[in-house]
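Knowing the structure of chain H, use the given hints to seat chains X, F and L on it.
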Amino acid sequence: MAIRRGRGVAAINYPTGMNLGGDPTQALVHSTPTGNFMVTLSSVDLGQGMKQIMAQICAETIGVPTDRVIIDTADTDTGPHCMGTFASRGTHRAGNAVIQAAKEARQVMLEVAAEELEVNASDLETDGQGNILVKGAPQKSISIFDVALSAHFKRGRSISGRGMFLIPRSYPEKETGAMKPSTCYAHACTVAEVEVDDETGEVTVLSVKNVFEIGRALNPKMVEQQLVGGSWMGISHALYETTEPYYPNRDHGGTDFNQYLMPGPGDLAETEIIVLERPSADGPFGAKGPGEMCANPQIPAVANAVFDAVGVRIDTLPITPERILRALKAQAAG
Amino acid sequence: MELRKDYFADVRKDGLHEIGQPRPRLDSPGHVTGKTAYFADRILPGMLHLKMVRSPHHHARIRSIDTSEAEKHPGVVKVLTAKDVPHNVYTILILIQIGPEDETVLADGKVRWKGEAVAAVLAETERAAQEAAAKVKVDYEVLPAVFDMEEALKPGAPLVNEYHGQNYYLYDSGECRKVRFGDVDAGFAEADHILEQTYQSSPIEHAPTETTGCVVAPEGNDRFTCYTNTQAMFFTLDNASIILQMPGSKLHFVGGTVGGGFGGKVDVIVEPIAILAAKLTGRPVSFIYSREEEMQISSPRAAEKVVIKDGVMKDGRIVARKVTGYTDAGAYSRHSPYGAQKGAAHYPGPYTIPNVWIDTYCVYTNRTPSSAMRGFGVTIGDFALEVQMDKLARLIGMDPLEFRFINAYRDGDMKAHRQPTEGAALIECMQEASRAANWPVADKYMAMSSYRKGA
Amino acid sequence: MSLALQTFSTVKDANAALQASGTRYLGGGTLVVRAANEGDVSVSSLVRVTEPSLSAVSVSGGKARLGASVTMAAITRHPELAALAPAARAVGGPAIRNMATVGGNLFAPAPYGDFAVALLALNATVAVEDGEMPVETFLAGRDTSRAVVTAVSLSLPEAESFRFLKVSRVKPKGVSVLSIAALLQRTADGTVTSARIAHGCMADRSMRAKAAEKALLGCKLTPEEIAPALAVAGEDITPITDPIASAWYRAEVLPVHLGRLLLS
Amino acid sequence: MAKVPVQFTLNGSEKAEFIESGTTLLHALRDKIGDTSPKGGCHQGTCGACSVIIDGELRLSCLTLAETCDGADIRTTAGLAEGGVLHPLQRAFLDAFATQCGFCTPGMIMAAKALLDRTPNPSREEVVEALSGNICRCTGYEPIIQAVLTAARADSQNAA
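Residue numbers (our numbering), protein chains in the order written: chain H, 1 to 334; chain X, 335 to 789; chain F, 790 to 1053; chain L, 1054 to 1213.
Worth flagging that the hints you see were computed from the coordinates, not collected in a lab. Glycine is no exception: its CB is placed at the ideal position from the N, C-alpha and C atoms. Treat each hint with caution, since some may be false.
As the list claims (entries may be wrong) - Output of the computed footprint for chain L on chain H, the stretches with three or more beta carbons under 8 Å from beta carbons of chain L: (1) 147 to 154; (2) 218 to 228; (3) 266 to 277; (4) 328 to 334.
Stated by the list, open to error - In silico DSSO-like links for lysine-lysine, alpha-carbon gap of 27 Å or less: (5) 471/X <-> 329/H; (6) 347/X <-> 103/H; (7) 488/X <-> 174/H; (8) 347/X <-> 417/X.
As the list claims (entries may be wrong) - Residues of chain H clear of chain F, computed beta-carbon distances all greater than 10 Å: (9) 6; (10) 7; (11) 24; (12) 125; (13) 127; (14) 134; (15) 143; (16) 207.
The shape of chain H in the complex, shown without the other chains (with noise of 0.2 Å):
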């Protein structure tokens, strides 16, 4: 019996969006009476936190702290239309939406204040903490909390804003498929590192060490949830998942979480997370899509980690115990 050693390297890179574009995402702004920010769309949070993210970008944008934003999604009765939360598109799409109808808001919140402090609008400027300031003079000042309020009893203006992303659909010619998929792409790095029991084809990993470039993270917690669980899901795709184990062959697909093999908690990798940024041009606050990239690089690390291990090759995803028992036997036999 031999526990035998070895690493691998992969290197990828991801669209952010709908391959070739065409795929639309709205969102509305409103503020109420007291200066809190209604975000309406019809994003959907599947777990990743689209609601927490759409409220940081609304934020920001406007200049007030997070927990002053309300997300109102997704009701098809209020909410305008986004294409979906699929193709790493959520927070670029609907948060480039938000960035647009907030900056429009902001601008009559801007104009409203303006009024009140009898000065220019484009000389105000917003703390971050709720306050809008005259550029340099920063005594002078007043709330949002106070510039609503006369928004909607006073001067009768609707501190609100529209915003649309579109990048416009594009179509691949016949016969060059000269094409634009994306605008923008994430990119990732993954060293992997493994045992293999020789005898029985077993592999655990040992540590995976993940290099993600991502754009930029608007929130770094969500952001490294996002990676460490993509990065177990990279290893399960690897080596575990399968609903037909014998495909072509229909026979034996699992029906439950007994029989579809995912790892664990007594199997997880040592996991290293290192998020570079190189913002994008077109993303909110420079941000790329990191959803579904984040579990790629794993796979093709893990095989070539295999490899290094035992010196045989598995092409056939899922990587098990199995088929690298047939390959060494193979091997062995000459």
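Chains X, F and L only, in chain H's frame:
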């Protein structure tokens, strides 16, 4: 997690108030107290339960369906078949002009995969619906089936889906989406080594802890509220509107709080039939996939087969890459033609290669229809590409990480689909991985940059 | 027809009720309630028994009697059942172990039934209302058994004589690729004088490895001496193929894991 | 369909319902009583989302018939916070960013509570074992394990 702000420091802006801050999630207090409301937490008085009668065969003609015994079963309110569905043949991407309509809401005359929905039973309890479902009699004439993509593409293979007329999706470019860049044959002729390898995957499941489903309530004003865990609200509403031939103004979708998606909840499967059931019975209807349905009936990630042929020079440059990708759509399109096309746009990966030839096929077989999943169109391609990169490096006796630096794309490089590279960061990711994993590479690679002067 | 639960205070009454068609015995619920939830409409009535003896554990004179309703968790916590704890802990996660019973495990089809593998190696006796039989006999006839199992009795092994191994893909809770239980009596110099070995997943229910048992007699537990036993470990097996592993894989790794268990 | 009475204590308050015989505790809690904190992720006993604590023991409410809980003391995540103050486990899950979609969270918290009730200072291995019947598809488990370990430490500090 470590945030390395020293990379790209010249283009990063700090000092924002809310962005970049690790604010607590506003939804977490609801999660930890069990108060977050998912669609299935809408428990409505008088709610009916919908259970599907499903095909036990991979491919069969339906001679007849007899629902009379099921309808008499205690607790059963209605049994729906194809004739009850106003626009029964549909395809979800019709909204972005990708046709033809090729799938039935409820099977009409034929089933094309094991598990296909044939009849919908509505009953007062889940148990009554299950019992009645067992009493729906369907007379099948079993037909030959095909499960393997290569077999499906051979002449004489059983035709899976008549709406296509052949076992592949017909793009405007023909039987596959194509990318042609440079002269791949000249590249192979020039190469020191040529390596052709085949990579494959089997379908996998999103396996969200919350299964796909919806709860529909008739509102009394001729409108229907659909509480759903769809990943795409209007996409689902608009498709439901087409299938039900009902103005979209009659439909009200409420969602946005989903127990995991991963791409598994973008198919419009449960909502239209549940709304129809609510309309025809005047009662609230719950249609929630069982775990078994989630595992074997809901769309998986497609199985794929990827053949990569590379020409590489001894100095590490890849001079030609030819990729042929096959996506196993199963019996119906759903999102697979889009996914196969996305693959064509993704190859040859984040590398600058002067001569590229790509064909991606979307193939029909008698399997569970596949669809989107996290990394759709790319994940399996990346597996294939990056294992191939490892093999190429070893073939020419080069360190696998250094080999990637040599070929990595940088700003301004022309991609195979004829867009100049912008915002590249592959090199920096690899540099950081080299450091973090203690996998040293030559100094010249650590000195590289994705930036190019003037780009 | 809906699902109905009938509760009886005696095994006798429950056995009578179980004669009706569509009636199944409710133990911990992990098998039968699941079947009902999944739409098995052949089950229309469930029967349970509240007789306290079914939940009792008694240990005396090196023998244990486990009521059929005793849970896996109860076994793992019982100070005098330490020898059985590894096998009981092999069943499910914590919630399942609080529900799954000794009696139920005897009916669990492969890849489940890890505890029954241990019971088979330990030559346990299965009691029903009107008698007792060896677990091996019970397992062979379980498909047609309609009587409530009341208890399982066994001689508790010396700690060093009993070994149990479960191999799973998912840790710490996955279902079995295989499981092995071995009861070995050895002389002071380590020579095996008797061996009883049971496998899980090598058929649709746990089975004895009789050829390997025989080949171990007179051996010391060294790689060289156990080699003949490993060579015949797969005799008469018909491993299951399921989403966890194929029959081929299970057969291939059975001697590997048996060897590791014997040498551990 | 025959209805049967069932009475139990749910998070400290008495409940009495007439239910159809054969109803699972999960359905009784969710459909009859309105405690939707236990989730139906599989109805097979394989995901743990429906986990509740019955008479001090972690159980799966999807495989437990409500009738068998007559007289029992049942605890769910919905009853964990007292007087609006989060339980240390709930606090730790928040602080560790251990929830994403949240669907597994109530079951995870019940599994963790069952552990800490018996083992106030668990090792990592004991935490892993305690959570092993509960599926999470989003987090990769590590943040949840960390949250449970943190809650245990916080609790033992409070006790000290």
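Q. Of the numbered hints stated previously, which ones are contradicted by the structure, given in increasing order?
A. Failing hints, ascending: 1, 4, 5, 8.
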